[in-house]
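First to last, the protein sequences are chains A and B. Following my numbering from start to finish, the first sequence increments by one per residue and tops out at 251. Following my numbering from start to finish, the second sequence increments by one per residue and tops out at 1192.
Incorrect hints may have been included.
As the list claims (entries may be wrong) - Computed list of lysine-lysine pairs in DSSO-like fashion (alpha-carbon distance at most 27 Å, straight line): (1) A/Lys118 - B/Lys1006; (2) A/Lys118 - B/Lys1092; (3) B/Lys1054 - A/Lys118; (4) A/Lys60 - B/Lys1063; (5) B/Lys1059 - A/Lys118; (6) A/Lys243 - B/Lys1180; (7) A/Lys68 - B/Lys1180; (8) A/Lys37 - B/Lys1180; (9) B/Lys1054 - B/Lys1092; (10) A/Lys118 - B/Lys1057; (11) A/Lys118 - B/Lys1144.
Worth flagging that the hints you see were computed from the coordinates, not collected in a lab.
Take a look at the letters that make up each chain.
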Amino acid sequence: MLKKRIIPCLDIKDNRTVKGINFENIIDAGDPIELAKRYVIEGADELVFLDITATQEKRKTLTELVRKIAAEINIPFTVGGGINSLEDANAIIDSGADKISVNSAAILNRNLITEISKQYGNQCVVVAIDTKFVDGEWMVFRSGGKIPTGLKAVDWAKKVANLGAGEILLTSMNNDGTKAGFACDITKQISEVVSIPVIASGGAGTMEHFAEVFQETKATGALAASVFHFGQIPIPELKNYLKTQNIPIRI
Amino acid sequence: MIAILKYNAGNVTSVENAVQNLGYSTVVTDDIEMLKSADKVIFPGVGEASSAMKYLKEKGLDKVIRELTQPVLGICLGMQLMCESSEEGDTKGLGIFDAKVLQFPPTALVPQMGWNNFTSLKGKLFDGIALENDCYFVHSFYAKICPETIAVSDYILPFSAALQKNNFYATQFHPEKSAKIGLQILNNFLKS
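Same shape as in the complex, but just chain A (with noise of 0.2 Å):
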């Protein structure tokens, strides 16, 4: 049986792993590397890296840096941040990532994600959507949340699916850094209408939390950074808990 997903998530800053609340704040982590292998022994079924100061002059280093986990880790990983162009992806992906995530560049280029889908199937294209909830609407926002797109939740979603993205990476901005649990209704009207798995992400604070996504969504990965990287939820013991509540899971 396929198993649920449970994936640490590292924001890169100058070759060090950060973290934010609300998109901001930003607070030293470690050694990405170091952190990325501890994950691995520990059972984390898939990493995410994200480049949050990714910059023209800085992709060179990216790439390194990506070269290096991949020599480290054997489980799969996603590169995002500031990936604009197939060039971008070509550079993530040669360096030996298995995914690649688009965010404000393929609201900005919707082009993008059909580009690098064709060349190199659907499964590498994750499409990274975040969402607030604002009057009564799920609203996407782009370029690390500052940017209003006008677009719904829902609709980009359907259409990022139909543009060739193998998966969603669904970050609620009212959630994310709360830690008082995953935005479970946007999560579970997304993952009912597209037909590509979608990750659940921002809001994560306890073991319950993630039983509750799995519960009451169709998301098959959750997805969170700070509780994993201060050892407030240990992933043997997530694990552990999550197979008691019968969701199943790679132990």
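Could you slot chain B onto chain A? The hints should help.
Structure of chain B alone, referenced to chain A:
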């Protein structure tokens, strides 16, 4: 020397890293003589079947792969190309295995993406591996069960997770991405 076939399908870095971490030296090549003289050959692949097959034919690699006599391991798309045919791009395969490769019916999420265990296993490739062990799968097409099936997994329907015929081995999952269990399977192949 372990030769990893170089062609236009995805990156081979992970396969190379995994084999090297097990203590073997590798060469990534499409040179026919090097492929023929390697101790073992790995035929990896992430990509689209018809364009990959077209490339192999143009380079004359289709014939070379079929005629290899040392142990060969196809992974993911590599495995699917070793089958008789694939519905992906209506592709004629290398015909090493009798299986047909079909698209998953859209009754569940496609691609299957993630860790899945086995419902049956046999042969040396799986020495020390148990049914409840999980490996990492990413695929929208699957090989039907056939006499050459040595491992079965279940997603939407039972499918071939691994195939073997004489010196040809193949896995639908990615041993190079399947943590310790994957390394063990890869090591079983490298020792064969």
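Quick rundown of the hints versus the structure:
1. Proposed proximity of lysine 118 of chain A and lysine 1006 of chain B is supported: the alpha carbons are some 19 Å apart, at most 27 Å.
2. Of the supplied pair hints, the one linking lysine 118 of chain A and lysine 1092 of chain B holds, its CA atoms being roughly 20 Å apart against a limit of 27 Å.
3. For the given pair, lysine 1054 of chain B sits about 16 Å from lysine 118 of chain A by alpha-carbon distance, which is consistent with the 27 Å threshold.
4. Simply put, lysine 60 of chain A and lysine 1063 of chain B have alpha-carbon atoms about 39 Å apart, too far for the 27 Å limit, and the pair is violated.
5. Using a Cα cut-off of 27 Å, the hinted pair lysine 1059 of chain B and lysine 118 of chain A holds, with the two alpha carbons roughly 22 Å apart.
6. For a cut-off of 27 Å, the pair hint linking lysine 243 of chain A to lysine 1180 of chain B stands: about 20 Å separates their Cα positions.
7. A threshold of 27 Å between alpha carbons decides the hint, and for lysine 68 of chain A with lysine 1180 of chain B the separation of about 19 Å falls inside it, so the pair holds.
8. Restraint check for lysine 37 of chain A and lysine 1180 of chain B: the C-alpha separation of about 13 Å stays at or below 27 Å, so the hint holds.
9. Among the hinted pairs, lysine 1054 of chain B with lysine 1092 of chain B is consistent with the structure: their alpha-carbon atoms are about 10 Å apart, no more than 27 Å.
10. For the proposed pair lysine 118 of chain A and lysine 1057 of chain B, the alpha carbon gap of about 21 Å is at most 27 Å, so the pair holds.
11. Restraint check for lysine 118 of chain A and lysine 1144 of chain B: the C-alpha separation of about 25 Å stays at or below 27 Å, so the hint holds.
Violation of the numbered hints given earlier is confined to hint 4; every other hint is satisfied by the structure.
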